[in-house]
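J.: In case you want the letters, here they are:
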Amino acid sequence: MTPVFTDESTHIEHAPPPVQRIDDTRGTYGMLLFILTEAMLFVFMFFSYYYVEKGNERWRVEEPPKLHYALPQLGVLALACLLMWWGQKQAVQRKAFTARTMLIATIILGLGYLTLGYLDDLEHQLHVGPRTDAYGSIFYTITTVHAGHLILGILMCFWVLFLPRSKWEPVERPPHRPYYNVLLYWYFLAVVWAATVAILYIGPNVYNAL
Amino acid sequence: MSKEQVEQRLTQLWESPKTLWGALATVDHKTLGKRYIATAITFLIIGGVEALMMRLQLAKPNQALLGPEMYDQIFTMHGTTMIWWYASPILSGFAVFLVPLMIGARDMAFPRLNAFTYWTYLLSGLLLYVGPCLGQAPHAGWFAYVPYTLRPYSPAHGTDFFNLALILLTISTTGGAINFIVTIMRLRAPGMSVNRMPLFLYSTLTTSWVTIFGLPPLTAANVFVELDRRWHTHFFDTAHGGNPLLWQHLFWMFGHPWVYIVFLPATGMLSMIIPTFARRPIVGYPYVAISTVLTGLVGFGVWVHHMFAVGMSHMTMSFFSAASMTISIFTAVQVFAWIATMWRGKPVLTSSMHFAVGSVALLIIGGLNGIFTAVIPVDWQVTDTYFVVSHLHYVLVGINMFPVFAAFYYWLPKMTGRMMHEALGKVSFWVMFVGFNFTFFPMHVLGIEGMPRRIYTYAPNLGWDWVNMMITIGAFTLALGILLSIINFFWSVKHGQVAGNNPWFADSMEWSIESPPKPYGSIHLPTIASRHPLWDEHDEEKDPNNQRILDQARLTFTTTWLDADYVALASIPEDTILPLLLALGMFVLLGALVYQLLWVVLGAGIFSLLITGIWLWPTSEGQIG
Ligand code: HEM
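Just so you know, the sequences run in chain order X and A. The opening residue of the first sequence carries number 1 in the numbering used here; numbering runs sequentially from there. The opening residue of the second sequence carries number 211 in the numbering used here; numbering runs sequentially from there.
The reader is advised that the hints may include incorrect statements.
A partial selection of chain A residues facing chain X, derived with a Cβ cut-off under 10 Å [as the list claims (entries may be wrong)]:
id: 1; residue: Gln218
id: 2; residue: Thr221
id: 3; residue: Leu223
id: 4; residue: Trp224
id: 5; residue: His442
id: 6; residue: Ser781
Keep in mind that the hints were calculated from the coordinates and are not lab data. Just so you know, even glycine gets a beta-carbon here, dropped at the ideal spot from N, CA and C.
Okay, chain X solo, but in the shape it has when bound (with noise of 0.2 Å):
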């Protein structure tokens, strides 16, 4: 077709392919978006939380959530996120057995992390359950909702973990994606749960001691 319209921003350095590499950051796109809109997903639910608890005198009142699970349990996220962070730098150094191992350790550590959610649920439970009132509805929707996540994380790790080896091995460059993306998955499970712990437990402690 014969130009009809003239554009100055007509220059090109745009040579056609130089190396045949296999794209393969997609799915950390991916999943860095799913975990934002699980977190605002989140955010949400804090907001319900804060919104519901206004003008409302029987919150936080009574017995605020005890600390002594919610604290060890964000240690356990820690740790956990910690020691995967390490098996990923171990998995693009292609030690797979190490970075194997430290999957299974966060799998146990996320098992150790719902055992302790379930003992503070029983211990909670004594004076509010999720059919008591509102506050009970919320808070348990909340830690709930992060327990299936974590579940889901679990399941991740798993995936990853019988992965064939082969597909353990950085074809072109480190990071080593599925690894690296559930490890993104990880991140998110521990920052949800810090604020999970300082709005759900930490904040009627303080309000009740104040």
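Assemble chain A with the ligand onto chain X, guided by the hints.
T.: What follows is chain A with the ligand alone, placed relative to chain X:
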């Protein structure tokens, strides 16, 4: 290799088999885009029939076609269907078809996810309509305020289907948004830097970001209601410290950004269509691009303000008017750009252009009465009257339905390979335009005279009789106009003129290839050297050494997000039935939740997880998506 051999090889690689299995397993964005559009149009027709039923009932006073409960169900289903299952999916449909072609990629970044989001969209619509089929339609209006949706007031399962169908739909929409973002940021043809992107990509990208941030409150709200309804929690139950207003807040936090979700892609379409028919580049490209992005950003500003400042009493009203107010500045930039483009160009009045200009006109009217209703005293006078119904249709139909029809007439030749009938198209436009104004303009009058919305009938001699009759006639006229376009479509698919690559002499990449496009798009993946690649010619675009054929496997380029410099090759997955299976798994899971069949829920959950695991299992070629 000769050209024929290359074509054969690429077709072999990319074509889905023409069997039932091939149809269910395809991940081709062109097929999926067309399916999206066809499904959304089906929902438009269903919603339209519901609208006509309401209008028949209201044509005269004291009619008994629909009883009060039935009327409630119908307006709820109409609003719900139109807003969620027509207005935004239709735009996604166009984007699914067009985005890869516009950026010169061979498919979306995550083709299987693309198939999955289509199937979940379809199944969520079915889930919504299970309720009405069982005679238990939801009846609380499309924004489903609590406490009306709680068990004591809505014991039937229709409301459960409504909630769970919406949850399934948000999964679909979110998946789609992720897909668009990664596709547009990573898969643009080498050289298509951000300042050369077609404006439709800006609007789709902005919308997708808005979706990522704006949809979760809706999900949360639906989950809470469902828990209250079926699992005896107390989020909204004042007797146990809950707060019904929580629903309103969460709902409008979603609702605000949502306006932009149905609005922006439509403006993006207009920004593609108007310059083509004005025969010149759009005036103020950077300003239009920036105001598109800012609309999305500022949308969140309003939304934050919503959380703290807006009273509850006139929530509905302020929703639509505040939305029109905030976007008015950025919309004005776009409207002026379109007008200036037409002014400085040599407009060709095709039927597509008719719809485009028509929607600009409606947008101006809708915007003006939006400012009107943002004035508080007026607002109080007209809240919850037909004034609102009028305003919201001016906004929705003006910013969504007319641009969508403009897009049909513009892009259908690309999809079908045949031109639509121009004269019939113009007749259809005028019938729709006149019908639309006859339907919704008089509603202003009704509103000011105080006729409330959502009433199933009214007494005679209130002075509303003839206006209502006129509105009903208008509504049928509008429906006739739509029908004419549908007939036009079926006629043109068979008998229309053959379109050729670029019937409109447009400038963007989708017009560089055959109509309908081959399964692989273009033989040589393009490089882009200008904002108007088909209007400017460049040697760089040629590929004499066949370096950009990429016929080793299903491949396309990935590039950097800003300058679109070449980075690597993306491996595109083969056709697979997994997305459909996963969608079915989730459909069964949510359906079983309605009846609390826990074993079925568990089974469907495990099934879905297994399918996800298999889906994500990497293949030897490193396929992703
Ligand atoms: C095709 C022509 C259409 C006609 C004749 C029509 C007619 C109506 C009528 C009469 C009502 C008022 C019900 C009442 O308050 O009693 C209504 C409500 C509504 N319509 Fe439409 N409509 C049409 C198209 C659309 C479209 C395209 C959309 C959205 C994209 C839409 C969205 C809505 C919504 C959200 C409501 C409010 C429902 C509620 O009150 O919960 N309509 N429509």
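J.: Are the hints correct? Go through all of them and say.
T.: A quick look at each hint next to the structure:
1. Gln218: Violated - the Cβ of Gln218(A) stays beyond 10 Å from chain X, reaching only about 22 Å at its closest.
2. Thr221: violated (22 Å)
3. Leu223: violated (16 Å)
4. Trp224: With Cβ-Cβ at 18 Å, over 10 Å, it is violated.
5. His442: Because about 5 Å separates His442(A) from the closest Cβ in chain X, which is inside the 10 Å limit, the hint holds.
6. Ser781: holds (6 Å)
In terms of the numbered hints stated before, the structure departs from hints 1, 2, 3, 4, listed from lowest to highest.
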